[in-house]
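Asks: Each chain, written out:
There are 2 protein chains.
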Amino acid sequence: MEYEKTVPVPSNMYVRVNHWKLKNFVAEVFEALNVPEKDAEIVSDNLVTADLRGIESHGVARLKRYVDGLVKGVVKARPHIKVLREGKVHALIDGDSGLGQVIGFKAMKLAIEKAKKNFFGVVGVRKSNHYGIAGYYALMALKEDLIGVSLTNSRPLVAHTGALKRTIGTNPIAVAVPTARDPPFVLDMATSIVPIGKIESYRRKGEEFTRGWGIHKNGEITTNPEEIFEGGALVPLGGLGEVLGGHKGYGLSVVVDVFSGILTGANWGAYVGATEGPEPSNVGHFFAAINVEAFISLEEFKEKMERLKFELKNSKLHPSFKKIWIHGEKSWLTMKTRIKKGIPVYRKTMEMMEAVAKEVGVKFPFKV
Amino acid sequence: MEYEKTVPVPSNMYVRVNHWKLKNFVAEVFEALNVPEKDAEIVSDNLVTADLRGIESHGVARLKRYVDGLVKGVVKARPHIKVLREGKVHALIDGDSGLGQVIGFKAMKLAIEKAKKNFFGVVGVRKSNHYGIAGYYALMALKEDLIGVSLTNSRPLVAHTGALKRTIGTNPIAVAVPTARDPPFVLDMATSIVPIGKIESYRRKGEEFTRGWGIHKNGEITTNPEEIFEGGALVPLGGLGEVLGGHKGYGLSVVVDVFSGILTGANWGAYVGATEGPEPSNVGHFFAAINVEAFISLEEFKEKMERLKFELKNSKLHPSFKKIWIHGEKSWLTMKTRIKKGIPVYRKTMEMMEAVAKEVGVKFPFKV
Chain R
11 MEYEKTVPVP SNMYVRVNHW KLKNFVAEVF EALNVPEKDA EIVSDNLVTA DLRGIESHGV
71 ARLKRYVDGL VKGVVKARPH IKVLREGKVH ALIDGDSGLG QVIGFKAMKL AIEKAKKNFF
131 GVVGVRKSNH YGIAGYYALM ALKEDLIGVS LTNSRPLVAH TGALKRTIGT NPIAVAVPTA
191 RDPPFVLDMA TSIVPIGKIE SYRRKGEEFT RGWGIHKNGE ITTNPEEIFE GGALVPLGGL
251 GEVLGGHKGY GLSVVVDVFS GILTGANWGA YVGATEGPEP SNVGHFFAAI NVEAFISLEE
311 FKEKMERLKF ELKNSKLHPS FKKIWIHGEK SWLTMKTRIK KGIPVYRKTM EMMEAVAKEV
371 GVKFPFKV
Chain H
11 MEYEKTVPVP SNMYVRVNHW KLKNFVAEVF EALNVPEKDA EIVSDNLVTA DLRGIESHGV
71 ARLKRYVDGL VKGVVKARPH IKVLREGKVH ALIDGDSGLG QVIGFKAMKL AIEKAKKNFF
131 GVVGVRKSNH YGIAGYYALM ALKEDLIGVS LTNSRPLVAH TGALKRTIGT NPIAVAVPTA
191 RDPPFVLDMA TSIVPIGKIE SYRRKGEEFT RGWGIHKNGE ITTNPEEIFE GGALVPLGGL
251 GEVLGGHKGY GLSVVVDVFS GILTGANWGA YVGATEGPEP SNVGHFFAAI NVEAFISLEE
311 FKEKMERLKF ELKNSKLHPS FKKIWIHGEK SWLTMKTRIK KGIPVYRKTM EMMEAVAKEV
371 GVKFPFKV
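Protein sequence lines correspond, in order, to chains R and H. Position one of the first sequence corresponds to residue 11 (our numbering), numbered consecutively onward. Position one of the second sequence corresponds to residue 11 (our numbering), numbered consecutively onward.
Rather than coming from a laboratory, the hints here were simulated on the basis of the structure. Do not rely on the hints blindly, as some may be mistaken.
One copy or two, it doesn't matter: identical chains are merged, so the pair holds either way.
Said to hold, decoys possible - Here are the simulated SDA-like pairs of lysine to any residue, each with C-alpha atoms no more than 25 Å apart in a straight line:
{"id": "1", "residue 1": "K333", "residue 2": "E313"}
{"id": "2", "residue 1": "K358", "residue 2": "P20"}
{"id": "3", "residue 1": "K98", "residue 2": "E123"}
{"id": "4", "residue 1": "K314", "residue 2": "R95"}
{"id": "5", "residue 1": "K333", "residue 2": "I231"}
{"id": "6", "residue 1": "K314", "residue 2": "E289"}
{"id": "7", "residue 1": "K312", "residue 2": "E123"}
{"id": "8", "residue 1": "K323", "residue 2": "G229"}
{"id": "9", "residue 1": "K15", "residue 2": "R213"}
Start from the sequences, fold in the hints, and give me the full structure.
Replies: Here you go:
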């Protein structure tokens with residue numbers, strides 16, 4: 011089945027790009043900025059995976075801000091990533107202001123190693139940067155048949171319940187769970203109604219967004235993307251106020267910050283910085299990998315997950331819906347489709363990448 | 011500051027009851043049903059704590075259904091709770107269809123012991139029953155200066171995104187976090203917009219509830235409590251459909267079920283039973299206790315939590331709000347108030363308790 015979560019419209023706004031070619035180009039950009047080859051490949055794989063999975067808000071469209079961070083020196087190309095504390099099932103890592111994707115990758119690798127040996131792996135990270143999609147690290151655990159959990163704080167973008175200004179991050183929660191058959195269950199969600207990348211997409215399209223996602227700087231609900239960027243804020247999952255549970259989205263966001271920011275010694279709340287500076291962002295992450303065999307056999311677990319998926323998908327349909335989805339299914343289908351057809355990249359993003367190529371002195375291999 | 015989250019209105023609908031007296035009475039009821047004294051005290055403390063904290067939907071108002079479960083024998087008064095698997099930081103417990111509160115208490119105790127020795131304690135539970143408020147177990151960890159996490163699945167009450175019927179539980183998430191000063195941070199939330207207990211409260215009051223919380227059996231949004239109980243369903247956090255993030259509430263609910271139900275070998279999804287039978291409910295729980303000193307010192311952690319609380323509370327106010335709350339603050343203030351003033355118990359609940367007292371043969375010590 012050919013399916014894509016999102017495709018830019020109209021069709022003259024984008025070009026289709028082969029994902030390998032895109033990965034190679036992005037890796038070359040990072041290498042040109044003195045990032046070691048292996049690390050450049052990690053970042054590139056992370057960004058292109060976001061595009062493949064239909065989360066283009068977190069894909070190559072954000073290349074420029076990582077480049078800016080490296081150029082300004084607030085993000086280090088060759089950080090000294092250190093393990094500060096370690097036990098059989100846990101570790102605390104200091105990322106030394108490297109690229110969030112590189113630090114996140116190494117931290118989750120460590121969590122996976124521990125989970126394979128001792129059933130559980132729990133790794134906290136301080137002094138990191140924006141690490142791309144949270145789901146990327148949860149998916150790493152999945153490849154090893156482990157449950158993966160990935161949390162991060164982010165620069166303040168959300169006004170918590172009762173607040174007027176941006177006070178907390180969109181602080182995502184990602185959980186990936188092994189299943190007997192594809193697609194695996196992958197929840198990857200911002201704790202705000204939408205992530206800022208979604209507002210950026212509407213800005214690129216020049217369209218208004220759905221009522222309820224964000225507020226104007228004076229507190230009124232807005233549907234205009236520009237007003238979010240002019241002092242406005244996103245709203246927690248559950249909406250403005252408590253009536254539909256906005257305090258729950260706010261609470262989940264704080265919990266993510268407690269684990270990612272407070273517990274790790276990273277920045278937290280309104281103090282988390284941006285990738286492009288001016289100061290090191292000191293983003294914090296929190297990863298966990300869990301071997302289900304601590305509790306039941308992997309085979310039994312995976313078969314039960316299939317039954318759960320089946321029951322959810324085959325529930326009696328609500329008359330307003332055409333189909334029931336499982337988490338991760340849309341992204342998985344989008345990935346399958348884009349591996350074949352290529353990734354649809356906005357012309358604006360292509361132009362940005364061409365300018366980046368020029369800036370760092372690598373060949374731009376695409377025709378816009 | 012005298013404050014209560016909720017008080018029944020009008021004032022002739024309730025009587026104020028001393029919390030010790032209420033605890034003693036509830037414990038006597040369970041003892042009369044052959045529950046060992048210590049276990050009866052655990053259940054009673056759990057129910058009355060819910061009332062003290064302003065979550066009366068999970069308090070003594072539910073006494074009758076636990077009694078019914080015990081009387082019918084689907085809930086065992088003297089279960090053989092067994093540890094099926096165990097490691098340094100984890101365990102899997104078979105609750106043998108005992109009272110959920112007793113099993114939950116013992117499971118969290120074990121998680122706490124492990125966390126005190128090895129920084130982390132992770133305990134899964136199968137063959138349990140409804141365990142009251144999720145927050146109760148998270149609060150147990152807090153008393154030991156640990157972060158507490160408590161998850162449970164529940165009988166199906168929520169129609170997941172795209173579904174018409176009740177397919178998944180309200181599957182709550184509770185996280186309690188130590189702070190230097192009271193109140194501690196305690197998130198205790200259903201993954202639906204509201205728990206079923208809130209709809210029950212509106213039914214008791216004979217009032218319509220807020221638009222958006224639930225659907226009629228035909229799928230239409232309803233505000234009538236009766237329609238929820240006549241084949242209708244609750245809606246996930248984020249609402250009906252995906253526009254405001256309903257798929258996120260649905261996803262969180264499934265994650266809670268994966269940890270509580272699938273991973274533990276308990277029932278899951280639509281298969282989770284009710285406390286009052288006809289079959290054993292086989293509810294599953296999942297607990298974690300985390301010693302923050304795995305990462306940073308307890309003192310540093312607690313002081314940072316105070317700073318986080320301070321910053322959140324003192325953010326610039328949205329013009330539509332009078333005050334910013336921290337999670338657990340309302341419940342904490344309600345508890346302080348009710349310890350002094352007594353717990354407001356609905357007359358209907360008093361009548362039910364009086365009938366229960368007669369049924370099991372204990373003295374009813376209150377005047378209605």
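Asks: Now look at each hint and say whether the structure bears it out.
Replies: Against the structure, the hints:
1. K333 to E313: Answer is within: at 23 Å inside a copy they meet the 25 Å cutoff, but 48 Å across does not.
2. K358 to P20: For K358 and P20, the Cα distance is within 25 Å only inside one copy (13 Å; across copies 61 Å).
3. K98 to E123: Answer is both; intra-copy 10 Å and inter-copy 17 Å each pass.
4. K314 to R95: between (36 Å within a copy, 19 Å between copies)
5. K333 to I231: between (31 Å within a copy, 19 Å between copies)
6. K314 to E289: Answer is between; shortest inter-copy Cα gap is 21 Å, intra-copy 47 Å.
7. K312 to E123: So K312 and E123 pass the 25 Å test inside one copy only (21 Å; across, 30 Å).
8. K323 to G229: Classified as between: cross-chain Cα gap 17 Å, same-chain 39 Å, threshold 25 Å.
9. K15 to R213: Close inside one copy (18 Å), not across copies (41 Å); limit 25 Å.
When each numbered hint is compared with the structure, no violation occurs for any of them.
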